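Number of protein chains: 2
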Amino acid sequence: MSSEAADEASETYSEFIDRVERLTNLGHAGGVLGWDQEVMMPEGGTPARSKQRSAISTVTHELLTSDEMAAALDDLEAGELSDERASVVREVRRQHDRAASVPQDLVEEISEVSSEAMPVWQEAKEEDDFSKFAPTLERLVELKREYAEHIDPDRDPYEVLFEEYEPYLGVDTAERVLERLREELVPLVEAVRESDADLATDTFEGEFDTDTQEDLARDVLDTLGYDWDHGRLDTAPHPFSSGNQFDARVTTRFSPDEPLGALMATVHEFGHATYTLGLPREEYGTPLGKSRDMTVHESQSRLWENHVGRSRAFWERFLPKVKERFPEKLSDASVDDVYEAANEVYEDNLIRVEADELTYHMHIIVRFEIERDLIRGDLDVEDVPEVWNDKYEEYLGIRPDSDAEGCLQDIHWSHGDFGYFPTYSLGSVLATQLYASAEEDIENIDEKVAEGDFDPLHDWLTENVHRHGCRYTTDELIRQATGEDYTADYFLDYVKSKYGELYELDDYQ
Amino acid sequence: MSSEAADEASETYSEFIDRVERLTNLGHAGGVLGWDQEVMMPEGGTPARSKQRSAISTVTHELLTSDEMAAALDDLEAGELSDERASVVREVRRQHDRAASVPQDLVEEISEVSSEAMPVWQEAKEEDDFSKFAPTLERLVELKREYAEHIDPDRDPYEVLFEEYEPYLGVDTAERVLERLREELVPLVEAVRESDADLATDTFEGEFDTDTQEDLARDVLDTLGYDWDHGRLDTAPHPFSSGNQFDARVTTRFSPDEPLGALMATVHEFGHATYTLGLPREEYGTPLGKSRDMTVHESQSRLWENHVGRSRAFWERFLPKVKERFPEKLSDASVDDVYEAANEVYEDNLIRVEADELTYHMHIIVRFEIERDLIRGDLDVEDVPEVWNDKYEEYLGIRPDSDAEGCLQDIHWSHGDFGYFPTYSLGSVLATQLYASAEEDIENIDEKVAEGDFDPLHDWLTENVHRHGCRYTTDELIRQATGEDYTADYFLDYVKSKYGELYELDDYQ
Numbered sequence: 001m002s003s004e005a006a007d008e009a010s011e012t013y014s015e016f017i018d019r020v021e022r023l024t025n026l027g028h029a030g031g032v033l034g035w036d037q038e039v040m041m042p043e044g045g046t047p048a049r050s051k052q053r054s055a056i057s058t059v060t061h062e063l064l065t066s067d068e069m070a071a072a073l074d075d076l077e078a079g080e081l082s083d084e085r086a087s088v089v090r091e092v093r094r095q096h097d098r099a100a101s102v103p104q105d106l107v108e109e110i111s112e113v114s115s116e117a118m119p120v121w122q123e124a125k126e127e128d129d130f131s132k133f134a135p136t137l138e139r140l141v142e143l144k145r146e147y148a149e150h151i152d153p154d155r156d157p158y159e160v161l162f163e164e165y166e167p168y169l170g171v172d173t174a175e176r177v178l179e180r181l182r183e184e185l186v187p188l189v190e191a192v193r194e195s196d197a198d199l200a201t202d203t204f205e206g207e208f209d210t211d212t213q214e215d216l217a218r219d220v221l222d223t224l225g226y227d228w229d230h231g232r233l234d235t236a237p238h239p240f241s242s243g244n245q246f247d248a249r250v251t252t253r254f255s256p257d258e259p260l261g262a263l264m265a266t267v268h269e270f271g272h273a274t275y276t277l278g279l280p281r282e283e284y285g286t287p288l289g290k291s292r293d294m295t296v297h298e299s300q301s302r303l304w305e306n307h308v309g310r311s312r313a314f315w316e317r318f319l320p321k322v323k324e325r326f327p328e329k330l331s332d333a334s335v336d337d338v339y340e341a342a343n344e345v346y347e348d349n350l351i352r353v354e355a356d357e358l359t360y361h362m363h364i365i366v367r368f369e370i371e372r373d374l375i376r377g378d379l380d381v382e383d384v385p386e387v388w389n390d391k392y393e394e395y396l397g398i399r400p401d402s403d404a405e406g407c408l409q410d411i412h413w414s415h416g417d418f419g420y421f422p423t424y425s426l427g428s429v430l431a432t433q434l435y436a437s438a439e440e441d442i443e444n445i446d447e448k449v450a451e452g453d454f455d456p457l458h459d460w461l462t463e464n465v466h467r468h469g470c471r472y473t474t475d476e477l478i479r480q481a482t483g484e485d486y487t488a489d490y491f492l493d494y495v496k497s498k499y500g501e502l503y504e505l506d507d508y509q
Numbered sequence: 001m002s003s004e005a006a007d008e009a010s011e012t013y014s015e016f017i018d019r020v021e022r023l024t025n026l027g028h029a030g031g032v033l034g035w036d037q038e039v040m041m042p043e044g045g046t047p048a049r050s051k052q053r054s055a056i057s058t059v060t061h062e063l064l065t066s067d068e069m070a071a072a073l074d075d076l077e078a079g080e081l082s083d084e085r086a087s088v089v090r091e092v093r094r095q096h097d098r099a100a101s102v103p104q105d106l107v108e109e110i111s112e113v114s115s116e117a118m119p120v121w122q123e124a125k126e127e128d129d130f131s132k133f134a135p136t137l138e139r140l141v142e143l144k145r146e147y148a149e150h151i152d153p154d155r156d157p158y159e160v161l162f163e164e165y166e167p168y169l170g171v172d173t174a175e176r177v178l179e180r181l182r183e184e185l186v187p188l189v190e191a192v193r194e195s196d197a198d199l200a201t202d203t204f205e206g207e208f209d210t211d212t213q214e215d216l217a218r219d220v221l222d223t224l225g226y227d228w229d230h231g232r233l234d235t236a237p238h239p240f241s242s243g244n245q246f247d248a249r250v251t252t253r254f255s256p257d258e259p260l261g262a263l264m265a266t267v268h269e270f271g272h273a274t275y276t277l278g279l280p281r282e283e284y285g286t287p288l289g290k291s292r293d294m295t296v297h298e299s300q301s302r303l304w305e306n307h308v309g310r311s312r313a314f315w316e317r318f319l320p321k322v323k324e325r326f327p328e329k330l331s332d333a334s335v336d337d338v339y340e341a342a343n344e345v346y347e348d349n350l351i352r353v354e355a356d357e358l359t360y361h362m363h364i365i366v367r368f369e370i371e372r373d374l375i376r377g378d379l380d381v382e383d384v385p386e387v388w389n390d391k392y393e394e395y396l397g398i399r400p401d402s403d404a405e406g407c408l409q410d411i412h413w414s415h416g417d418f419g420y421f422p423t424y425s426l427g428s429v430l431a432t433q434l435y436a437s438a439e440e441d442i443e444n445i446d447e448k449v450a451e452g453d454f455d456p457l458h459d460w461l462t463e464n465v466h467r468h469g470c471r472y473t474t475d476e477l478i479r480q481a482t483g484e485d486y487t488a489d490y491f492l493d494y495v496k497s498k499y500g501e502l503y504e505l506d507d508y509q
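Sequence order for the protein chains is A and B. Mapping to the UniProt record's numbering: the first sequence position 237 is 237, numbers consecutive. Mapping to the UniProt record's numbering: the second sequence position 302 is 302, numbers consecutive.
Because the hints were derived from the structure by calculation, they are not lab data. Treat each hint with caution, since some may be false.
The list treats identical chains as one, so a pair stands whether inside a single copy or across any two.
Unchecked claim - Under the rule of at most 20 Å between Cα atoms (straight-line distance), these lysine to aspartate or glutamate pairs were calculated in the EDC-like manner:
1) K51 <-> E21
2) K132 <-> D383
3) K51 <-> D36
4) K321 <-> E393
5) K323 <-> D257
6) K321 <-> E126
7) K51 <-> D229
8) K51 <-> E282
9) K51 <-> D18
10) K391 <-> E175
11) K496 <-> E451
If you're wondering where the values come from, they're calculated on a predicted model, not measured in any experiment.
Let the sequences and hints guide you as you build the complete structure.
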């Protein structure tokens, strides 16, 4: 390239990056508005807030799909690019193409129908009457199929929707992994159900003052290494985390009779926030400073929740802190007791968000199979409740009595979020694969956790996952971090050995 | 107009309104980011937040100055418009013209220099060394003069800058009113200083638990009628209020030795929020649903702070609540004691934000005269400290020992905010004029306040001020609300009679 051409290319790239940064910043601004709405906003603020968020979306959409952006992408792709720049262009191209292929009218209609769907779903759930929600769900399925068709009329619409949340692993991988989980976990859960093992599941019974719980949660975040200069903890009805590498916040919820649930939710959201905080600060504003998609994000939250928070080593460190705060409740509890309580496989839980580490995936698989079939046109909306209940019976051995505790339990479909659910399981599976790799690289990781020394794990995750942002695609990132392709082997080994031991299952130890 | 032409005009207007609403919503989104930054954001979030706010500003500026907006304004002005629509067009035209006349480069330079100015000012203040801040101040003065020149090269640059904060009263009015205040308040303050009256100024001496103070502040907001479904109270280093008619929030600050200051700050910010909440909800997004500028906004905060919060009637209602919370401190205090404490004229206070209702204006006048002369080129930056100190001696009878307590005390100049200060006094003056009018219309207003019945006052303010948004210009609004032109007569009568009585001044009762 002549030096003049190089200057020109460099100017094109720099103007392109300005646009990308503006887009990213508007996106993060929208994120702050979302956080505030969930955590701080008085209820009456909703009408104005919806309009503010929608204005940001509209402006973002216009910038992303503008002729200038399209031309810049074309120009850059036609020239030579460093690997890093090529990654940035790849990510923006994908967003641009998806956004540009869907008519703005359809986007707005989906947004409107979803807004209206929320209270309809809520009422249907309260009245335990799926038929009230069915027409709305039908409309959303239609609209999202139409949406997928605009993006790619030649591919399975569910595949297209799935890629909104996980663009690089492929829906076939998701399907294969979820099928394997079902095949191997259904008998494992059955074996657990039949086990006579007597776990200390009543360790956390009773009422736990929520202020003290919050104090504990702050302590656990301290212990794990949360950076309060770049984060905060608040409560929200549905715990979530949000933000960027300069300001990644965590929410949780406290209830007097579920201290363990609150702690695990806090650790889970900490995992998300830690990923965000590990993104390179100097790349803020471009895909190199942005987290990879849902699978990787969920792998980080599940890694901290399950592999750290539910481990014996963690409780060696943390149990004394709990005892200090609740001496009258836990004075006699051993690390083993807490470990057992934290890893109990519930007998008859129908609710995903209250599920244990093992049965959790059954909840995901049921919804995945149903939403996939709905979008593919292989299942009618009216048949959802029965199919749902049948699958629960088949996979979990329990049958919901009501739609409220069945197919109406989760809000996601009312948002029009089809294709999102599988990433919950894919993330858990990846968490195990990553943690296995970290265990190989970090000597005596359990001892370090028991000592409260989380620096090696943070360093490992930052080095192998966080600092790359969207530099690599999901599959490349996994290969780089673990030396292997994405696989469910580690996860299945892990749950078999863990629950085999806990529940004294001869076939699984 | 033919019906076809009418349809076309109506479509032009409706597209124009879409643009205006988008602009407003982006502005409010920026407001949420600002609130969060002051109240919630962890400190480390600053770099990302600055970029997010700047992205919103850039996008807003582009939309406001776009060719489409210019064409829509031209079209609408060329046609016939209802009074209401003409008001909307007038307001947007003003914003558009100002924004379009200043080169984006200059706007960005001012924004950059102000960002850098803040820490420089802070350091200069800490080290009590004006010379450290002088070069930055000089640069800001230059840039803002340049800014004003772009908007209108033929007018006094201070006048042009002043109109950014108060576009309709005119800088000549401001100058006339402030001069009159100086002439009449300087001797009044002197008389107060010479008075032998013994006020119960020690009523609030001691340490007051800040949690209990907050509880009190919430109670006073309840009593005054703050709508918690559309607002919230938090703390911030510099109390402020922000939001819109669906969500108008208040901040205050608590310090153990200044319970009265915290209460008055809360009531002041409540006044701002109440104005915002009184704006018509159905007009959200356009100038008809937007508050008039700084003078009117400040009139609302000062009305509640001074005419309600510092009145005997208010304390009849409120003192029992204070006593309940601080029985060991205030058990013997009478309403007169509290009234005297709340209206003490301080002997030697040099700090504006800690000033009483009377000497407050001296602080404003000093800064107004200095900033005006700086912008007009009649004063050199290097002479500011001495001129400042001389004026304090002349107007208040006290001379600052240091620049930290003198011309470096306030942050505003480091923001490049020249022309803002006078609206503080103009607002207080307007508060008195409005309250006098309300007193005429509401029978026995004092009794109602003493009973905690604030509905009539809310109704009066909503009817005469709030509901109009930017429908009228400031001067029209004042005439409509009070039947008179803007005048300082009421304010001067009010302070003379109030402080004449309090300090037993023969010449003033």
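Consistency of the hints with the structure:
no.	hint	result
1	K51 <-> E21	between (23 Å within a copy, 9 Å between copies)
2	K132 <-> D383	within (14 Å within a copy, 75 Å between copies)
3	K51 <-> D36	both (14 Å within a copy, 18 Å between copies)
4	K321 <-> E393	neither (40 Å within a copy, 60 Å between copies)
5	K323 <-> D257	within (16 Å within a copy, 38 Å between copies)
6	K321 <-> E126	neither (39 Å within a copy, 42 Å between copies)
7	K51 <-> D229	between (31 Å within a copy, 18 Å between copies)
8	K51 <-> E282	between (32 Å within a copy, 13 Å between copies)
9	K51 <-> D18	between (26 Å within a copy, 11 Å between copies)
10	K391 <-> E175	within (16 Å within a copy, 79 Å between copies)
11	K496 <-> E451	neither (27 Å within a copy, 71 Å between copies)
Of the hints listed earlier, those the structure fails to meet are numbers 4, 6, 11, in rising order.
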